[in-house]
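For the record, the sequence lines run as chains A and D.
Taking numbering that gives the first Met the number 0, the leading residue of the first sequence gets 0, the next gets one more, and so forth.
Taking numbering that gives the first Met the number 0, the leading residue of the second sequence gets 0, the next gets one more, and so forth.
Check before you lean on any hint, since a few could be wrong.
Pairs of lysine-lysine residues, derived as DSS-like cross-links and limited to a Cα-Cα distance of at most 30 Å, are as follows [to be verified]:
#1 D:Lys143 to D:Lys171
#2 A:Lys128 to A:Lys160
#3 A:Lys56 to D:Lys277
#4 D:Lys100 to D:Lys277
#5 A:Lys249 to A:Lys269
#6 A:Lys249 to A:Lys267
#7 A:Lys56 to D:Lys258
#8 D:Lys333 to A:Lys242
#9 D:Lys257 to D:Lys366
#10 A:Lys213 to A:Lys128
#11 A:Lys125 to A:Lys85
#12 D:Lys353 to D:Lys28
#13 D:Lys268 to D:Lys207
#14 A:Lys39 to D:Lys277
#15 A:Lys39 to D:Lys195
#16 D:Lys100 to A:Lys242
#17 A:Lys242 to A:Lys304
#18 D:Lys33 to A:Lys39
#19 A:Lys213 to A:Lys63
#20 D:Lys143 to A:Lys242
Just so you know, these hints were derived from the structure itself, not from any lab.
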Amino acid sequence: MGFSTDAIHAGQIPDPTTGAVITPIYQTSTYAQDALGVNKGYEYGRTHNLTREALEKNIAALEKGKYGIAFASGLAAIQSILGLVKSGDHIIATENVYGGTYRLMELIFKDYGLEFSWVDTSNVVKIRKAVRPNTKLIYIETPTNPMLRLTDLRTVKGICKKYDLISVVDNTFMTPYFQKPLLFGIDVVLHSTTKYINGHSDVIGGIVITNNPKIHERIRYLQNAIGAVPSPFDCWLTLRATKTLAVRMKQHNENAKRIAKFLSENPKVKKVIYPGLRNHPHYSLAKRQMSGYGGMITADFGDLKSAKKVLNRVKVFTLGESLGGVESLISHPASMTHASIPKREREKLGITEGLIRFSVGIEDVEDLIADIEHALK
Amino acid sequence: MSNNVKIKSRKADIDDTKYSMDTHIIYGKDVSDKWDYSHHVTAPISSSTTFRLDSVERGAQGFTQFAHTEEFGEHAPIFIYDRLGEPNKDMLEENLAYVEKGEMAVSFSSGMAAISGVLGILTVAGDEIISHNTLYGCTISLLKNWYPRYNIKWNPIDLTIPENIFNALTEKTRVVYFETPSNPNLDIIDIAAVRKIVDQINKSRGDKNKVYIVIDNTFSTPYCQRPIEFGADFVVHSLTKGIGGFGTDMGGAVIGKKKFRDILHLIRKDFGGVLSAKNAWSILTYGLPSLALRQKQQIKTAMQIAEFLNSNSKVEFVNYPGLPNFRGYETARKQMVDFSGNFAPGALIYFVIKGNTPAESKDNGRKFMDYVADNAYTMTLAVSLGHTRTLVEHPASMTHSVVPPEELANRGIDAGGIRIAIGLENPDDLLLDLDEALKSI
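Looking at chain A on its own, in the form it has when it is part of the complex (with noise of 0.2 Å):
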């Protein structure tokens, strides 16, 4: 199936009892068993849920998975990958990653004994170098979070499958839409769907999708051990929200495409990073495994006195953190989504004061670049 077809109607039966064409939200927190260890495949509201299964199954379809388990946050997500090694395990991790996944990683899973290196894993012969023999998982953003930088998912299973290695990409950014890890023969995906999946900025959560039936496995049994579910509620609004994933995204690449080149052209900005500009370095290989650019960008505006005003004048841009909504935010990685990163680490990694984040929204983009234009005068 298409992939908006697949958006509209996997994992989306009719309610066997009344034929309701959309999911019921599943409001319930235990199920009535028929007798002592007879049940029909639900007991409790965290183990199974019946709005939640049909939004795995819905995502799950999109990124060409078999297997989707929603959590209920983008983090927890990611946690539960950290649940496929075990202490005195080493990660090869993708640097400049998101804040929070640096925090998750590096402050908290360390204390357990995991080991992290973090690289630029666009360049394949650092991977290569950083690999040990305790190596056990890969995990990548492309593009990352915010210097859009972008790795080779091709590369990276070659190297996974020489060492034997599990492949994880956070596809937040680009959503199945544009790129398919799994098709590259990437073990897991997961995503935020907070970000552009849920698209409305009114839910967190967060989803995992493997081919692989034994993380599957793995993950399952972690979401029901950990905890970390997403209420029916959630799931049934990004149900709704998935259904409208193709043209959503469609739009914010159009209007990042306008952006970026408004940008480039603008003396006031000293550099602008997209992966649909031609200056960007990696141009080539986003034109290979992704099918749009998406919706971010970051620009550069010399120091953190020009990128204040900036950030200040602008009215339709909205300053807050977070991203993939319809409406447009503006965001300063330095002080907010990577201020979790020590001053040193991130200015190795570009992330400087003057630094803005970009999450281009569906609004007519015009009325976009007149804000950007009027805060820059």
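We have chain A; now place chain D onto it with these hints.
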């Protein structure tokens, strides 16, 4: 699960009639010909506007059977479209019918949609409606401002003397409509006495020109009074109030005999005042199951507050059905009884503050309410009732603002009258705030 799997429902074989009402409204009917949620301990929230039909034939069957109980029986297990019916509303309706001792219930989007729904099926142009003088402001507005357009005449009288019906009656009278206790002054109308009179009238009338008794039971909730037991033909509710109980969702319902279900479904379908499934779900899941507990607590508190006001020197008079000196006390004792038969005088109180002139009394009332609005922690100046929070309001300028000042006396409303709808606060805290508010005058 497929359509063909027959699910064994846990409670299918249990005779639920031997259990008490309090218990029943927690369980309700989770299995019927149309749905089976016996497996879900809490029913799913129905969130679909439309329903899959297996075939054109079955679709056609669904449309033909809808609201045609007489030809096809009650068992039409085909959902078509939310406005025609869906599981959450149907489950709520089953429970409402049971708790009001009616044969069936049809839900509506609001209390006013329910009232206009039932009056809509009982009257045609040229007909007349007799009502009590005092009614909720929007019901007055419906009868006074809209029904003349359809040539339906409204005849308000004092129904605390049921014999007055004979004087107001004409060949065209179709409905006797009232609230007991009435909104806002809590007049008590003897339901059984009205029934007796209407029976007498109906003796000489055929089915086509029969008079029906419709009672708005919102103030009492079925916990305090089941008017059908005393002879009401129809009960209407604003589910937004005591039944919903938390102030979160609008809703309405008409409860009565089975033979009216079809036509009520039809008027709901064509006029469109359909209850949202999500609202039905909250009322079904939170409102009804906690009704008995909430009402018990609110009545206990209301009694304390009414006694306090009754003995306060600044208060001219207090209307509360639980006070022995209240004019409706004896009738209230007879018809306002809880599920176990105890006197249940409700959670609403109406009172007037003293003044040397009516204008001064009104002014003092305003001072009291403004004090409450600014200083009281436990009381909120707001319309509505049956909430977890105690709500205070001024009928003459708020719920009954449709009544012009010169008409207030006819409608049984005092210019300075104050209505209190008791919530679930600690009664001592309410007394504290009330005492301070009265001292401020």
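Consistency of the hints with the structure:
no. : hint                 : result
1   : D:Lys143 to D:Lys171 : 17 Å, holds
2   : A:Lys128 to A:Lys160 : 16 Å, holds
3   : A:Lys56 to D:Lys277  : 24 Å, holds
4   : D:Lys100 to D:Lys277 : 25 Å, holds
5   : A:Lys249 to A:Lys269 : 28 Å, holds
6   : A:Lys249 to A:Lys267 : 28 Å, holds
7   : A:Lys56 to D:Lys258  : 45 Å, violated
8   : D:Lys333 to A:Lys242 : 58 Å, violated
9   : D:Lys257 to D:Lys366 : 50 Å, violated
10  : A:Lys213 to A:Lys128 : 28 Å, holds
11  : A:Lys125 to A:Lys85  : 24 Å, holds
12  : D:Lys353 to D:Lys28  : 51 Å, violated
13  : D:Lys268 to D:Lys207 : 24 Å, holds
14  : A:Lys39 to D:Lys277  : 26 Å, holds
15  : A:Lys39 to D:Lys195  : 54 Å, violated
16  : D:Lys100 to A:Lys242 : 45 Å, violated
17  : A:Lys242 to A:Lys304 : 41 Å, violated
18  : D:Lys33 to A:Lys39   : 20 Å, holds
19  : A:Lys213 to A:Lys63  : 17 Å, holds
20  : D:Lys143 to A:Lys242 : 48 Å, violated
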